[in-house]
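Same order as they appear, the protein sequences are chains Z and U.
Convert by adding 43 to the 1-based position in the first sequence; the result is the number in the numbering used here.
Convert by adding 43 to the 1-based position in the second sequence; the result is the number in the numbering used here.
Hints listed in this document are in silico derivations from the structure and should not be mistaken for laboratory results.
Virtual Cβ for every residue (Gly too), placed ideally from N, Cα, C.
One or more hints might be untrue.
[Claimed, not checked] Calculated lysine-lysine pairs in the DSBU-like style (CA-CA distance at most 35 angstroms, straight line):
| # | chain 1 | residue 1 | chain 2 | residue 2 |
| --- | --- | --- | --- | --- |
| 1 | U | Lys203 | U | Lys133 |
| 2 | Z | Lys297 | U | Lys171 |
| 3 | Z | Lys326 | U | Lys171 |
| 4 | U | Lys329 | U | Lys154 |
| 5 | Z | Lys297 | U | Lys297 |
| 6 | U | Lys171 | U | Lys122 |
| 7 | Z | Lys171 | U | Lys326 |
| 8 | Z | Lys171 | U | Lys171 |
| 9 | Z | Lys211 | Z | Lys122 |
| 10 | U | Lys68 | Z | Lys171 |
| 11 | U | Lys326 | U | Lys69 |
| 12 | U | Lys46 | U | Lys297 |
| 13 | U | Lys297 | Z | Lys171 |
| 14 | U | Lys297 | U | Lys211 |
| 15 | U | Lys211 | Z | Lys297 |
| 16 | Z | Lys329 | U | Lys171 |
| 17 | U | Lys68 | U | Lys122 |
| 18 | Z | Lys326 | U | Lys133 |
[As the list claims (entries may be wrong)] Chain U stretches covered by chain Z per the calculated footprint, using a threshold of three residues with CB under 8 angstroms from any CB of chain Z:
| # | stretch |
| --- | --- |
| 19 | 55–65 |
| 20 | 181–190 |
| 21 | 268–281 |
| 22 | 286–298 |
Number of protein chains: 2
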Amino acid sequence: MNKRPTRITIIGLGLIGGSLGLAIKKSVPSAVVTGYSRTASTTDRALRTGAIDIGTSTAEHSALKADIVFVCTPVRAVKDIFCTIAPALKRGCIVTDTASTKAEVMEWAVKYLPAHVNFIGGHPMAGKEVAGIDAAEATLFQNCVWCLTPSAETSLDSVKRLTTLLRKLGTRPLMIDPARHDLLVAGISHLPLILSSALVSCTTRSELWNEMARLASTGYRDVTRLASGDSRIYTDICLTNWQSITRWIDDFSKELQRFRRLVADGNEALCEAFSEAREARDKWLKSHRQ
Amino acid sequence: MNKRPTRITIIGLGLIGGSLGLAIKKSVPSAVVTGYSRTASTTDRALRTGAIDIGTSTAEHSALKADIVFVCTPVRAVKDIFCTIAPALKRGCIVTDTASTKAEVMEWAVKYLPAHVNFIGGHPMAGKEVAGIDAAEATLFQNCVWCLTPSAETSLDSVKRLTTLLRKLGTRPLMIDPARHDLLVAGISHLPLILSSALVSCTTRSELWNEMARLASTGYRDVTRLASGDSRIYTDICLTNWQSITRWIDDFSKELQRFRRLVADGNEALCEAFSEAREARDKWLKSHRQ
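Just chain Z, with the same shape it has in the complex (with noise of 0.2 angstroms):
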């Protein structure tokens, strides 16, 4: 009956919200997409690349008249966000994020968005260390898992128009309580950036670096990876996030030093602790990545 195009805003629009806005595009063309940064040339290059239809100059007026909004900044621009187009959701209306943690994002909701808005908590598990829209793909999310975090007064039908959404956009949404999600992300996402940037710092800051730097090769590429990220992100995910991150930080400090009295002890327990790790990543790689 309801033949009228949905009309989708994105806020925020680097690498994850310029994505969005071209996979969108391609898998659901009806849609109308408005879409604003705080950033004028950052809106016009989405024009451009068709990540969005229409780009406006706040974001308060992007919200107005959308059935979804989503949030795509970082984590902690995101309270100010729900302040700023609080007056102008409709009814009725589906907001969600893509923050990387969920807990805080769910405080705020609750109590900066109006009751007659139905807010789902989201997390796309995609991502690579390049920012911006420049860096922005159609396919970022394809096979992904989406985390979403509803809460007890998000209307049932609100959460399936949003996965059925997710779906035609090639993603596999997944339901999860907004702690659980940030312990678990804590220890397989940034657990390993933390890692990555302080491998760069360890060795970057050495008084041997200059001689190292001619011998690192894609090893140390490969691990270093996520440290080339964007700086603002991360801190906003390890502010809001501190007490898993820590708690994740020394469990690994526990196990480096279990591996380090391997090292030391050079006997043949090193080489078992070494095929485990091989043997669990290798599963891992089999049963969950393609």
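Following the hints, put chain U in place on chain Z, whose structure we already have.
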């Protein structure tokens, strides 16, 4: 004057030995490459792929009449190979290796190789996490730095002959002191592989792993890539370079604790730490990587 083809022997036909054979046959087609692996089926495979021209059933036999011998086994097998081939090596022959640590190998060469051969330690700064002859590629060493650790006794002429061959293969030979080499690679190569493996054990041993496994994505995959490497080779590396490696683990642990404090403190200094790491890595990528 001397128009007879160079006779090159490769002992150990895994990823490195196999790739070396393919690279030599591609860049110096006139060379006659003899190969030995302790596994007969590996020798057969090397013959079929064209990585070697002749296969032998003993290491000693493979070294007879060789102008240059490459020992491409894991570090701790190098000593036995030296003892085995010593009686077969002809006067003036060049012996080199490709093991990831150099100080112990240099001592073994003095102890177990005859004085009438020229030993030059070697270590190509290339590799991948997949082991074995089936992963071998003619282009594996393309543009890679190839560390060489000649001793005071090595003739200059033999160093020149080896570097000429390595340049023909597209590599960049670099002379370096063995102990210095081991200290530097402990930071940019051995520390990363331990971090990678420790991250895998720390996460996969957790009672949360089944849930985390579904969410782990490209970031986790890349930071843990080295954990899929050959555990035998890794163990040999650690046992022959434990002093430098434990030193780097200690440096890294301090740096990780600095990040932990910044995360727990929750202030903007964390953003600076991430930015600094990003800039240092990007600078390295720009000046040292293609």
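Tested hints:
Of the pairs offered as hints, the one joining Lys203 (chain U) and Lys133 (chain U) holds, with about 19 angstroms between alpha carbons and a cut-off of 35 angstroms not exceeded. Proximity of Lys297 (chain Z) to Lys171 (chain U) is assessed by CA-CA distance (about 28 angstroms); at most 35 angstroms being required, the pair is judged to hold. For a cut-off of 35 angstroms, the pair hint linking Lys326 (chain Z) to Lys171 (chain U) stands: about 19 angstroms separates their Cα positions. Taking the CA atoms of Lys329 (chain U) and Lys154 (chain U), the gap is near 43 angstroms; set against the 35 angstroms cutoff, the hint is violated.
Annotation: proposed proximity of Lys297 (chain Z) to Lys297 (chain U) holds, straight-line Cα distance about 13 angstroms (limit 35 angstroms). Simply put, Lys171 (chain U) and Lys122 (chain U) have alpha-carbon atoms about 24 angstroms apart, close enough for the 35 angstroms limit, and the pair holds. Of the pairs offered as hints, the one joining Lys171 (chain Z) and Lys326 (chain U) holds, with about 19 angstroms between alpha carbons and a cut-off of 35 angstroms not exceeded. For the proposed pair Lys171 (chain Z) and Lys171 (chain U), the alpha carbon gap of about 21 angstroms is at most 35 angstroms, so the pair holds.
Distance hint between Lys211 (chain Z) and Lys122 (chain Z) is fulfilled; the C-alpha atoms sit about 28 angstroms from each other, no more than 35 angstroms. Our distance criterion of 35 angstroms between C-alpha atoms is broken by Lys68 (chain U) and Lys171 (chain Z), whose separation comes to about 38 angstroms. Proximity of Lys326 (chain U) to Lys69 (chain U) is assessed by CA-CA distance (about 34 angstroms); at most 35 angstroms being required, the pair is judged to hold. Between the alpha carbons of Lys46 (chain U) and Lys297 (chain U) the distance comes to roughly 58 angstroms, so the proposed pair goes past 35 angstroms and is violated.
A threshold of 35 angstroms between alpha carbons decides the hint, and for Lys297 (chain U) with Lys171 (chain Z) the separation of about 28 angstroms falls inside it, so the pair holds. Between Lys297 (chain U) and Lys211 (chain U), the direct Cα distance comes to roughly 43 angstroms. Violation of the 35 angstroms bound is thereby established for this hinted pair. Among the hinted pairs, Lys211 (chain U) with Lys297 (chain Z) is inconsistent with the structure: their alpha-carbon atoms are about 46 angstroms apart, more than 35 angstroms. Annotation: proposed proximity of Lys329 (chain Z) to Lys171 (chain U) holds, straight-line Cα distance about 18 angstroms (limit 35 angstroms).
Distance restraint check for Lys68 (chain U) and Lys122 (chain U): the Cα-Cα separation of roughly 27 angstroms lies within the 35 angstroms cut-off, and the hinted pair is therefore satisfied. For the given pair, Lys326 (chain Z) sits about 48 angstroms from Lys133 (chain U) by alpha-carbon distance, which is inconsistent with the 35 angstroms threshold. Counting residues of the stretch 55–65 of chain U whose beta carbon lies closer than 8 angstroms to any beta carbon of chain Z gives 0, which falls below the threshold of three, so the coverage claim is violated. Taking a C-beta to C-beta cut-off of 8 angstroms, the stretch 181–190 of chain U contributes 3 residues in contact with chain Z, enough for the three needed, and the coverage statement holds.
For the stretch 268–281 of chain U, the stated coverage by chain Z is satisfied: 10 residues place a CB nearer than 8 angstroms to a CB of that chain, which reaches the threshold of 3. Counting residues of the stretch 286–298 of chain U whose beta carbon lies closer than 8 angstroms to any beta carbon of chain Z gives 10, which reaches the threshold of three, so the coverage claim holds.
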